[in-house]
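Asker: The sequence shown begins at 1 in the UniProt record's numbering and counts up by one.
Heads up, a few of these hints could be off.
[Stated by the list, open to error] Cross-link-like lysine to any residue pairs, in silico, SDA-like; alpha carbons within 25 Å at most:
(1) K290 x D253
(2) K275 x D123
(3) K321 x E431
(4) K145 x E122
(5) K145 x G159
(6) K145 x D123
(7) K278 x N217
(8) K321 x G425
(9) K177 x L126
(10) K418 x G459
(11) K321 x W460
(12) K278 x D219
(13) K177 x L141
(14) K275 x T29
(15) K145 x T130
(16) K155 x A205
(17) K144 x G174
(18) K452 x D191
(19) K418 x G458
(20) K418 x T434
(21) K358 x R383
(22) K418 x M465
(23) K466 x Y394
(24) K290 x E257
(25) K106 x R54
(26) K452 x G425
(27) K106 x R127
(28) K466 x A286
Since the hints were made in silico from the structure, they are not lab data. Remember, it's a predicted structure, so these values are computed and weren't measured experimentally.
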Amino acid sequence: MASDTSVDIDGEFEDLISREFPGLTGRQTPQHLSVFDGDHTDGDRAIELARRLRSRPFPWQRDCIRDVMSRRPDGTWTHPDAVIVCPRQNGKSEVLIVRILFGILKLDETVIFTAQRWTTAEDIYLRTITLIERSASFRRLVSKKTCSQGRGVIKLSTGGQVVFTTRSADAGRGLTKIDLVIYDEAYSLTDGEMSALSPAQLAAADPQTIYTSSAVNQDIHKDGLVLASIRERGLAGEIDLYFAEFCAPPGMDRDSEEAWAAANPSYGVIQNATKVRKLMRGFSTAAGRKSFDVEILGWGDWPSTDEVDELDPIFDLDAWKAQQVTELPKPGHSAIVIEMTPDRSHAYIAGAVRTGGKIHLELGLVAKPGPRVLNAAIGLIGRWDPVALVIESYSPAASMLPELRTRGIEPESANAQKLAQAFGGLEDAIEAGTVTHSGDPLIIEAIETAHKRVFQGGGWAADRMKSDLAAVIIAIALAHWALRTFDVKKRASASPVHVPSGSTARNETSGLLSAGF
Numbered sequence: 001m002a003s004d005t006s007v008d009i010d011g012e013f014e015d016l017i018s019r020e021f022p023g024l025t026g027r028q029t030p031q032h033l034s035v036f037d038g039d040h041t042d043g044d045r046a047i048e049l050a051r052r053l054r055s056r057p058f059p060w061q062r063d064c065i066r067d068v069m070s071r072r073p074d075g076t077w078t079h080p081d082a083v084i085v086c087p088r089q090n091g092k093s094e095v096l097i098v099r100i101l102f103g104i105l106k107l108d109e110t111v112i113f114t115a116q117r118w119t120t121a122e123d124i125y126l127r128t129i130t131l132i133e134r135s136a137s138f139r140r141l142v143s144k145k146t147c148s149q150g151r152g153v154i155k156l157s158t159g160g161q162v163v164f165t166t167r168s169a170d171a172g173r174g175l176t177k178i179d180l181v182i183y184d185e186a187y188s189l190t191d192g193e194m195s196a197l198s199p200a201q202l203a204a205a206d207p208q209t210i211y212t213s214s215a216v217n218q219d220i221h222k223d224g225l226v227l228a229s230i231r232e233r234g235l236a237g238e239i240d241l242y243f244a245e246f247c248a249p250p251g252m253d254r255d256s257e258e259a260w261a262a263a264n265p266s267y268g269v270i271q272n273a274t275k276v277r278k279l280m281r282g283f284s285t286a287a288g289r290k291s292f293d294v295e296i297l298g299w300g301d302w303p304s305t306d307e308v309d310e311l312d313p314i315f316d317l318d319a320w321k322a323q324q325v326t327e328l329p330k331p332g333h334s335a336i337v338i339e340m341t342p343d344r345s346h347a348y349i350a351g352a353v354r355t356g357g358k359i360h361l362e363l364g365l366v367a368k369p370g371p372r373v374l375n376a377a378i379g380l381i382g383r384w385d386p387v388a389l390v391i392e393s394y395s396p397a398a399s400m401l402p403e404l405r406t407r408g409i410e411p412e413s414a415n416a417q418k419l420a421q422a423f424g425g426l427e428d429a430i431e432a433g434t435v436t437h438s439g440d441p442l443i444i445e446a447i448e449t450a451h452k453r454v455f456q457g458g459g460w461a462a463d464r465m466k467s468d469l470a471a472v473i474i475a476i477a478l479a480h481w482a483l484r485t486f487d488v489k490k491r492a493s494a495s496p497v498h499v500p501s502g503s504t505a506r507n508e509t510s511g512l513l514s515a516g517f
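Produce the complete structure using the sequences and hints provided.
Answerer: As structure tokens, this is what we get:
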């Protein structure tokens, strides 16, 4: 393993910098580096491939590519896991694009690129397909290219393929084997989002996972704990893990151009003093100065990984797990809820249905807010005729109300009082054993990680501002409440229906929803 004291990338590439990048003054050597020896043939070939497609990686990018793509003597990846933490606007994505291109063009890999925001995933799709189409021979290999509704796909006639998407529980739908998973914008990454892709990676012969991100600011990034934990492993020099973190050395003057160049390896070409000073003038408050330190200098405010076990589950988790079922009577009357995260990155459709004297709860659609969610909700209403569609009054999902009303659908609303009733009612039902579910791990994670928001008088609900997954349990609780409130209590017949246990592959007809619910 090499550390930051034994590797001088700036010295190794001094001639290249002066010849090809004369304006490049950023420090090319990471502040923290953990890397293991391997054969760099594939990395060198990938860099040459990029050159032929008229893409010239900076020296620091070349070094990352070579190390990420190095191989052991037995031909497997030296680093099955790789982490690159670097301030914004330095070109981390260039490393990823080169890795993707070589993977699909030369290794026939199945790759999935995930990001927190669709704009990021879409940009990488467009840049990747642009490079492919610069070569007539590569262009002829493309058998499919699509980019719509939050998902971009490039398929080659030789077998390689790559999917670009936002993170969700159904991000890997249709993929039975994934050779390479890329988590970009990993400052917002949860265990549940990773577990959605893990089974497909296990089917690959030599899977690799790459995490890229700017530093975490825990005041802003509520889901930075996963990356913080992986970073700690990298700082400890964990075997098989490639870790490179670019940031200014501690103690440097935050106002000095020397610190800016030390933190940003592409300084002088992408960033310059004029741009950074403009940003600094805008960051005039205490919170702004902290953002400058995180975003420009790479001085992250990392959450403590020791805090992971300090939060009690919002419901009795053992009681919830005990009520998992694999078969249930034929569904009866139902209710549907649409819920959304505060940053509008994820929308959820949850359902409740009466089954044999109990209420079965299920999380159906998980998707990026947009037409797919609206159309799925309208389709479900048409097929199932639920007793109610509910949207919480202050939920971001309330933005869908005008469009639903133009379609002749008038959702029921739920205010804070009703939300407190919903959570109290679900808590009582879990303790009484009158609910069932199919063991969805995303719901379990939501129960484990949601914070309570206590109202005047003692009622409470999940606090959507403290955890994105709070929206999951809000949807489930409201679905249970809606069915109890609006159902005419007509009992269904008892012919059994199978429910897959713990399924995470969702669409608008998944889980119990596929049972005609």
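Asker: Given the hint that K144 pairs with G174, test it: the Cα-Cα distance must not exceed 25 Å.
Answerer: Judged against 25 Å, a Cα distance of about 15 Å means the pair holds.
Asker: Check the hint pairing K278 with D219 against an upper bound of 25 Å on the C-alpha distance.
Answerer: holds, 23 Å
Asker: Checking one constraint from the list: CA of K145 to CA of E122, max 25 Å. Satisfied?
Answerer: Distance of about 12 Å is within 25 Å: holds.
Asker: Would you check the hint for K155 and A205, treating anything up to 25 Å between C-alpha atoms as holding?
Answerer: holds, 20 Å
Asker: Would the pair K418 and T434 pass a check requiring their Cα atoms to be no farther apart than 25 Å?
Answerer: Answer holds: K418 to T434 is near 20 Å, not above 25 Å.
Asker: Taking 25 Å as the top limit, are the C-alpha atoms of K466 and A286 close enough?
Answerer: It holds: about 21 Å lies between the C-alpha atoms, which stays within 25 Å.
Asker: Taking 25 Å as the top limit, are the C-alpha atoms of K145 and D123 close enough?
Answerer: holds, 14 Å
Asker: K321 and W460 were given as a pair; does the straight-line alpha-carbon distance stay at or below 25 Å?
Answerer: Distance ~22 Å between K321 and W460 Cα, so the pair holds.
Asker: Take a quick look at whether K418 and G459 sit within 25 Å of each other, Cα to Cα.
Answerer: Holds - the C-alpha atoms of G459 and K418 are around 10 Å apart, at most 25 Å.
Asker: Is the hinted pair K418 and M465 satisfied, with a Cα-Cα distance of at most 25 Å?
Answerer: holds, 18 Å
Asker: Starting from K290, check that the Cα of D253 is at most 25 Å away, please.
Answerer: holds, 14 Å
Asker: Need the status of pair K145, T130: alpha-carbon distance at most 25 Å?
Answerer: Distance of about 11 Å is within 25 Å: holds.
Hint check: no violations occur; every hint is consistent with the structure.
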